[in-house]
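Asker: Chains as they are written, first to last, in my numbering: chain A, 1 to 262; chain B, 1001 to 1113; chain C, 2001 to 2115.
Hints may be right or wrong, so weigh each one.
[Unchecked claim] If you want the footprint, here are the derived chain C segments under chain B, 3+ residues with CB under 8 Å:
1. 2011 to 2017
2. 2066 to 2075
3. 2086 to 2100
Derived by calculation from the structure, the hints in this document are not laboratory data. Fair warning: this is a prediction, and the values are worked out from it, not measured in the lab. Backbone N, C-alpha and C fix where the C-beta goes; we use that ideal spot for every residue, glycine too.
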Amino acid sequence: MALEPESTLSVDVWRGTAVGKFQTFAVPRRAHQTILDVVTEIQREQDATLSYRFACRVGMCGSCAMAVNGRPRWTCRTRVSEAVSDDGSLRLEPLRNFTVVKDLAVEMTDFFDKWRDAKGHFEPGESRADFHVVPPSTRARKAADAGIECIGCGVCHSACDVATWNKDYLGPAPLNRAWTLVNDVRDAGNDARIAAVSGSAGCHACHSHMNCTEFCPRGIAPTYSIAGLKRAMMKRALGGRVPWPRSCSSRNASPPRCWPSR
Amino acid sequence: MMRASHQQPGFLAALLHRLAGIALAIFLPVHFWTLSAALNGADFLDKFLKVTNTPLIKFAEGGIVVALTLHMALGLRVLAIEFLPMHERTRVAISICLAAGFAVGLAFAFNVV
Amino acid sequence: MAAVLFVAQRVSAAVLAFAVTVHLITILYAVRGGLTAGEVLERTRDNHWFFAFYVVFVLAVAVHAPIGLRNVLREWTPWHRRSLDVALVVFALLLLIMGFRAAVAVYLPPEVLVG
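Required output: the full structure, derived from the provided sequences and hints.
Answerer: Here you go:
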């Protein structure tokens, strides 16, 4: 890569845990550089004690999420040119709303615990005689499809103000996943799921700031998924049953041979 | 200056909605108490209204009218997000809410002056 | 309980959307060229419709405002225990009583009032 002459980035990197300080590094500016390139260069060439995460490098895993000049994003998919401030500086911090393990790496356990608490996992239900038929054009499937590309990177949770103000708030990602499952005709656990997201730290706590939708690198809009959960919660609170989508009726009595016995 | 992750319209909308709501919650008891002055007769209420006929108070009243319209407009936006199937265009919708708020405030100002 | 509060908030919001619109239009119309008690009371005295309207308005406000404040206080201050809920119920009662008193004040004809 061609080296732009006389061009250096000034990079302030958070060192420490919740308590710590910024350490400044000078990194040569290169063409097409990503923030991940910058962090990697610092760690390999300048300070081997710097801790940070990455894996795939190509925007598929979400491991590299951190706050770049105050905005949570994936470092592998963020070019320096789009993130750098006018004076050629960068500020790298660990994701807000997560406990810092060290430097730029955060503890993800609580985040996935909330995923579990929101019942963001598939409930298979009873064995069926036949496969579910799930036309992709149905409203329920479209609603589910709009949210299933989530890879659990934590950017939305980091951007969410309610997550900052209320440590128990389940957060946009678990709630978004719960909504995709509410819309999954194959899922049998929706009563428990709606109950799970109706608690004091549940979907109603969302105030539609839409930070999550603004920052999601996959273009998902958790705000609208959470809105769907609010509607489901209201219906349940007003005495109705959870209106999960009408599934097609099962057909044959005998199960197909490939079906695992329960 | 505002945190970078806050520089987006949805946050501004929510913040204004909340601040307006707080202002209204503080204003309401005062409003009710003022009107209750009518219990002591129209003259008493009149005297009270004359006392509060200062430019500062009129400005504050205009502010409350703007706060009320803003809170309602932005609240309707929240209801739209939560209950309408189509996805709003955030910037446009918020701009309309703000415009409505200030338009009503202006109307109040022109009417009362 | 969160679900109940949420539903109450949204339902009262819907009622208020109507009530506030009517109120704003009324106020904008009423304050043209200044405001006097006589003008206000002329409209509201002995007016059953206005009275009923204001009662509904007060009820909706007494539900909506405390729930909204609850969210604000729980998120922006360290106060989130039971005592907050109690305080907000007191605030709701305050709004109810004062609001109802105000509605009555502008409804009752002069002969009934003291002084």
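Asker: Now tell me, hint by hint, if it's right for this structure.
Answerer: Now for the hints, and whether the structure bears them out:
A count of 4 residues in the region 2011 to 2017 of chain C with a Cβ less than 8 Å from any Cβ of chain B is obtained; the coverage claim is therefore met, three being the minimum. Counting residues of the region 2066 to 2075 of chain C whose CB lies closer than 8 Å to any CB of chain B gives 3, so the stated coverage by that chain holds, three being the minimum. Only when three residues or more bring their CB closer than 8 Å to a CB of chain B does the claim for the region 2086 to 2100 of chain C stand; here the count is 4, and the claim holds.
Every hint, counting from the list given before, is met by this structure.
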